[in-house]
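Asker: If you want the building blocks of each chain, they are given just below.
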Amino acid sequence: MFPFIGAIMLLLFAGLLAAIALPRRSRAVGSLFSAAAMLVAVSALVSSFLSGAVPAPEQYFNYISQFGISFTLQFTPISLALTVMASIVAFVAIYSGNPEKSSEHTATSLLLLFEISAIGLFCSSNLFIFFIFWDVGVITLFFMIYLLGSANRRRAAIKFIIYEIFASSLLLFAILLIYFYTPIHSFDISTIIAGASSIPQHVQILIFALLFIAFLINMPAFPLHLWLPDAHTEASTQGSMVLSGILTKFGGYGMILVFQMLPISSTYSIYIMALATLSAIYISFVLMSEHDIKRIIAYTTIVEMSIILVGISSANPYGIYGAAYAMLAHGFAISLLFLVAGSVKHTYQERDIRSLRGVVSGSVSSAYSFITGIFATTGVPLTATFVGDIMIFIGAVTAFSVYGAVSIIAIILIGAFLYYVANKSILSTKEKLPVQEYIGFSQKAGMAILIFFIFLFGMLPFIVTNLFNV
Amino acid sequence: MPDIGYAIVALMSLLVFSSIGGVFHRKKTIQLAASSLILVALAAVSACALYLQDSYSVLGALLINPFSMLFVLLFSFTLLLINLLSYDRSSDYPSFSLLFSFVVVGALVVAMANSIVTIVLGIELTVLPTAFMIIINGKNFVEPAVKLFIMSAVSVSMLVFAVILIYPYDPALSLMGYIANPGIAGSYLVMLSLLLFIAGISFDAALFPFNMWIPDVYQGAPANITALLSGVNKKVAFVAMLEILFVLLLHLSPIFSVMIQALAVITMFFGNIVALVQNEVKRLFAYSSISQAGYIAIGIAAASQLGVESSMFYLFAHAFMIIGAFAIILWLESNNVRSIQEYRGLASRNRWAALCLTVFMLSLIGIPPFIGFIGKFLLFSSAISANLVWLAAIGVINSIISVYYYAKVIISMYSGIEKTPLKMGTSIGIVVIICLIAVVAIGLYPGPLISAVSTASNTLIAM
Amino acid sequence: MLPILVVVPLLAAAVLALLLRNNPEPVKYIALLASLASLAIVAYITVYNPSATASFDWFNLGSYQFIVSVSTASTYQLLLLIIVAIITPLIFLYSIGFMDVPSEQPRYYFEMCVFAASMMLFAMSTSLITLLIAWEMLGITSYLLIGFWYDREHAPTAARKAITTIIIGDVALLLAVVILATAQGGFQYPVAGAGTGVLFLAGILMLIAAFTKSAQFPFHEWLSDAMEGPTPVSAFLHSSTMVKAGVFLVILMLPLFNTTYLLYLILVVGMASVIIGVTNALVSRHIKKILAYSTIEDLGLMLIPLAFGQVYAALALFFVQAFYKALLFMSAGSIIKANKGEEDIFKIFNTGQSKVVFITALIGTLSIAGFFPLSGFFGKYAVGSAVSSNVAVYAILVLAELGTSVYIFRWLFLPMRKNPQHEIGAGANSVPLTMIIPAIVLAVLVLFAAIVFALPHSGVLDALVLQSTNTTEALVVNAVAAAGLIIAYLVYVKGNRFYLSMNNSHIFAALNNNAITNGIYLAICSMFLHVGKIMGMLDSDFDYTTYRLSYNIINSGKLAKPLINGQTNNYVIGFVIGVLVLAAAVLYVVI
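Residue numbers (the working numbering), protein chains in the order written: chain V, 2 to 471; chain E, 130 to 592; chain W, 461 to 1051.
What the hints contain is simulated information worked out from the structure, not anything from laboratory work.
Treat the hints with care, since some could be wrong.
[What the hints assert, rightly or not] Subject to a maximum C-alpha distance of 30 Å in a straight line, what follows is the list of computed BS3-like cross-link-like pairs (lysine-lysine):
no.	chain 1	residue 1	chain 2	residue 2
1	V	LYS425	W	LYS800
2	W	LYS800	V	LYS433
3	W	LYS993	W	LYS815
4	W	LYS993	V	LYS431
5	W	LYS807	V	LYS431
6	V	LYS431	W	LYS800
7	W	LYS878	W	LYS797
8	V	LYS425	W	LYS797
9	W	LYS993	V	LYS425
[To be verified] Chain W residues, not near chain V, derived (Cβ > 10 Å throughout):
no.	residue
10	TYR508
11	TYR536
12	LEU634
13	LYS800
14	PHE818
15	ILE900
16	HIS917
17	VAL951
18	ASN972
19	ASN1029
[Unchecked claim] A few chain W positions that, by computed beta-carbon distances, are all more than 12 Å from chain V:
no.	residue
20	LEU462
21	PRO484
22	GLN813
23	VAL816
24	SER848
25	ALA942
26	VAL953
27	LYS954
28	ASN973
29	ALA975
30	THR977
31	VAL1032
32	VAL1036
33	TYR1048
34	VAL1050
No residue lacks a Cβ here, since even glycine has one placed at the ideal position from N, Cα and C.
Work out the full structure: start from the sequences and follow the hints.
Answerer: Put into structure tokens, the structure is as follows:
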């Protein structure tokens, strides 16, 4: 079996070294290597689809043999899907997320490092490696926000890092508890899934609470979402793309792991569902008070992740796999929206929807990509989000009857508001702003790639869903 | 192979004599070369012994075993780094070198000690010369030196009193000579001596409230001495604490565990919370160093083999992180960059230095894949496995608090653009790179160090 | 596989339109050919293979098989497919003349082809998944087409209003489908709804979806604004095909609505929509908006018999309405085109000059008014006879009939006025031939479509029957239509001045209730925005609170200032206290 993950990691690592070594050509080199990694990831997906099963785990070396930690990377159906998404989004971010061409060297290196950590996280077979990649990813993004952000980035970056380190510290604590309280001391996820039921009840509750809070911060959802809008407001386009597109999936993926690992978590699923529903609806109201287009998009991330949390909380295969698919879809959709927002900012030097006018006449591809992004966000059929959403709601309705589907109201609210934004500022041609600088080919290509994958995974979901063994 | 023991003793004597000679010939370079070479030889010899897993005693007073050799290796290596740092910084390098040789002897003696008196002597040999090493830098440095001197006087009185109290039960004053029997075990005198030992050593190990001198002295002393205090003296104290608690007074482990737990908790909170409002980087690192001592104490409080292992691992980790950090602070100090505000734009003046300092700080927070993370991971593991879940939780909370002040420094370094580049001296550069390699490499592949530490802790507990 | 083939040419044309965006010349012909190909396939299916099916597994998840399946086995569905297939080429032909700006054509034909394909898919869908896909595609293409001329002043607003309503319906349908799927364990259509519990909720959601799509009360107001789109779009989507998807959904899901409450709901909403449609159409001045309100009324008329379970009546009107409404819109488009874009019927004159346009429009108006033997009559008659058992409903319907007749002749007569000074009407002959031909075809269809009611009932014609022949009711329809014609003639042709003087009275304000509806919509939207503002403030307060909290934690570090003050004696005291505390700890443990 071809070691897909090893090849991806190796390519990215080589790309990282090359990008560091060649400051002037860093973007080209980085794009090249991450495109290669993307191709490997996609071919892993295709080969799994053809053979009907995910590739075997790839064991590399014993990391800390005293604790039985081996550096083993493996695909599960969910992690395969997320890996493909992460590799595509990261490639587009590297290739087209930076029309200003500012600090390309730093940006490319950090993005490649982040991509390594994201793919490593999704593919890690034990929680220790998971945690390591988690923290590396978080720190990398901290630097992305801080080094490449806009004027008020200091506060946003500190806020981000404190929230995220808070989450990761809880995560570390919970991982240690799991290790010492499972009968076979192990960090290995499959071993934990097998043995977690023998953890004492009260410890399970503690572990669950810790992991839940940690992942809730990262996802994020109300009431721990406050870091995200600020981080997005200040982050660069590339930072926003991978922040919403990939980083928030860490939490979602972790939350899925929690529900797979800890039997006790289904006891709380109704409360989690209620919280997630509240979060989705509350945030969709909050976003109506915003004027900054990036902030608005950032808030939709919270809404969508809350809906994903509803799916996970249903604790049945439909909801959980639906959540996984919705994460895949959301990664493309949200990074498309951020890419458009970045291009619009580049073209008009304006992000406030009250004064942003006439994008459609200055930059047609941006405008229609934005509309497509809205379609993908609200789950119009034949976009990937639709598949995820319908699976989520089937799971939620199965688990909680119709109460599970209350969060669907949030889709109406954000949909209505996003179309309002589109028609009020993007598509309106009254008092249009002068074009400062047209976007280049790479932006258009990036948008096209993302749109292509949005529809590919929307029209051919069976490539991924056939691997889900419900 | 007793030869190794003799070799170490001989090398220590050689170092002292060469330094005395250095005071007369006053050739800095030769002196640096000589002392560095001897330290390298010490490190090599101890590594050799560690590899051979020897276990015997030399002259009845010094022990050669994996535990002692591991710390001889650590101390000779870290002292070598500090020696390199001090070369440029010391106004009177030969005098420094003489005092420094005493510190080396003290540190190694503590690592290899077989008797309580040797331990106390060793600790004093590391602390008192340090006070004088501060003073020789000039008038401005009298105050911190005197503070250190007074406080060490208090602590040594405690230690001596503790030795006196234990003497009736262990006339040989040997670590292994004291045989616990149920009748004596409950004796209040032994407990009092335990208490005084902990108090006396905590002075140097920087556990609150015995550590209140630290911010002033760390800030006031030249940064190379601060690095010595934080990177070596503190480690020496912890090694002494391990030896006394886990060999001599192991049967009192329920009691000392509670005491150390209390000290660990208040030390972590004190260090981290006060560090939040510090504005001068060196003082900030003084508080950070205090909080790190609290983390190390978690492992001792766990009072298990894993606990000892994790504390020992963290001693290694912290030594490299803090010496690397203080090396950069030292370099910046000599360029008149002290406060967090003055750190602005460091990344644009010297990006590699900023990157290295960032790595050290991330490692101090406990971010993977650096050595500090593995250390904290082991420490929290030991607490949880010893059923001290709450202690691990407090450790975790403190890591979160600590993020803020480290992030403040990082953010300051990477904000703004300063045009004038800063160039780093060779010797400091070497130290920083060695520390960086250690921090990253051990973080990425901690297996060998963990197994070394594990063997060492076996010998310690078995003593 | 045959049914799938129906949509293939259109989708291919859509892709070609996208590819040829820099060279738009052939796009319109490709689209026309594609629609003709679709029509041919539909014709083949109708004649030779009326129960063709195609289905394939889209993807599976556990016991849920997401099957995309289409079929023409149901005569209703085949009927809708035929209607769409016939109208599509006519619209595309009409568009050749109407959409004469080359740069707009690729986007226009892309959206139109996707729309036509989804409409056909909707007509043929036999699984809830297919239905949902087609339904939402209809919604978004409608949104895109309404906002097609984004550089016009009101188009973005109109598109926004439409999509806001559409998204409510889409989400409602999604939820209904999910509920049905979990209740049934699959995505097949409900055969016999229990009508209680979750299925009741599913029924309500289905109805909400249907009402949004069919522009029924209280979701009706988007349709009049949708007239901002190009006229072929209005003729295609917003009169003859898409808006009827809602009614069709009600027909398809009829087993689900077999509880009294839901049937009442359908009846009440239908009646309300009829009343709103008629009243607004009576006073509107916009040549297309009058027709839009008329469409709202027509759709309400289709819903009312459904509330009585009389599907045949709804289908009769469903069938005939498509042709006369498309015809009326095409006429309106021709009139607008001839008057250089003027859309106010009070500012349009001399439409009688172009005989063809006038005669086709006349056929349309006579049909909608309900004159025998035009096809419109049969629709109106079927609806009337279906509800005649309920006198109150019947009475209201008769009144609505009268109103319909009045406003449609007002629509015809006012632009006919002769005004030699007025230059605008001078170009009445400048309507291109491509716009005339489809109107003529439709006029022929309107004239003779009623034949189907007389043909032997087999195949697709099974769906089109008139249950009874009641001469009185037939006479009532004609009489009312004639009365309306007379009133309109008296008021708008003879009593022009009288009418104009009434224009600002309270009665008109009451009739013109779209302002009220818009006000309510606006109030609801601004209420949401206000709640959003409050929530936003709450969120930032929340943010600020956490900020203060962390600030206080950080500043608590200053508490240590007096402790670490540089005085060595302090430190010694600390040392001693530490020893005492440790001693206390020892004592605590020992004792």
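Asker: Look at each hint and say if it fits the structure.
Answerer: Hints, one by one, checked against the model:
no.: 1; hint: LYS425/V <-> LYS800/W; in the structure: holds (28 Å)
no.: 2; hint: LYS800/W <-> LYS433/V; in the structure: holds (26 Å)
no.: 3; hint: LYS993/W <-> LYS815/W; in the structure: violated (57 Å)
no.: 4; hint: LYS993/W <-> LYS431/V; in the structure: holds (26 Å)
no.: 5; hint: LYS807/W <-> LYS431/V; in the structure: holds (26 Å)
no.: 6; hint: LYS431/V <-> LYS800/W; in the structure: holds (23 Å)
no.: 7; hint: LYS878/W <-> LYS797/W; in the structure: holds (18 Å)
no.: 8; hint: LYS425/V <-> LYS797/W; in the structure: holds (28 Å)
no.: 9; hint: LYS993/W <-> LYS425/V; in the structure: holds (18 Å)
no.: 10; hint: TYR508; in the structure: holds (31 Å)
no.: 11; hint: TYR536; in the structure: holds (23 Å)
no.: 12; hint: LEU634; in the structure: violated (7 Å)
no.: 13; hint: LYS800; in the structure: holds (22 Å)
no.: 14; hint: PHE818; in the structure: holds (36 Å)
no.: 15; hint: ILE900; in the structure: holds (36 Å)
no.: 16; hint: HIS917; in the structure: holds (36 Å)
no.: 17; hint: VAL951; in the structure: holds (39 Å)
no.: 18; hint: ASN972; in the structure: holds (25 Å)
no.: 19; hint: ASN1029; in the structure: holds (38 Å)
no.: 20; hint: LEU462; in the structure: holds (21 Å)
no.: 21; hint: PRO484; in the structure: holds (14 Å)
no.: 22; hint: GLN813; in the structure: holds (35 Å)
no.: 23; hint: VAL816; in the structure: holds (36 Å)
no.: 24; hint: SER848; in the structure: holds (39 Å)
no.: 25; hint: ALA942; in the structure: holds (45 Å)
no.: 26; hint: VAL953; in the structure: holds (40 Å)
no.: 27; hint: LYS954; in the structure: holds (44 Å)
no.: 28; hint: ASN973; in the structure: holds (24 Å)
no.: 29; hint: ALA975; in the structure: holds (21 Å)
no.: 30; hint: THR977; in the structure: holds (17 Å)
no.: 31; hint: VAL1032; in the structure: holds (36 Å)
no.: 32; hint: VAL1036; in the structure: holds (35 Å)
no.: 33; hint: TYR1048; in the structure: holds (26 Å)
no.: 34; hint: VAL1050; in the structure: holds (29 Å)
In this structure, the earlier hints numbered 3 and 12 are contradicted, and the remaining ones agree with it.
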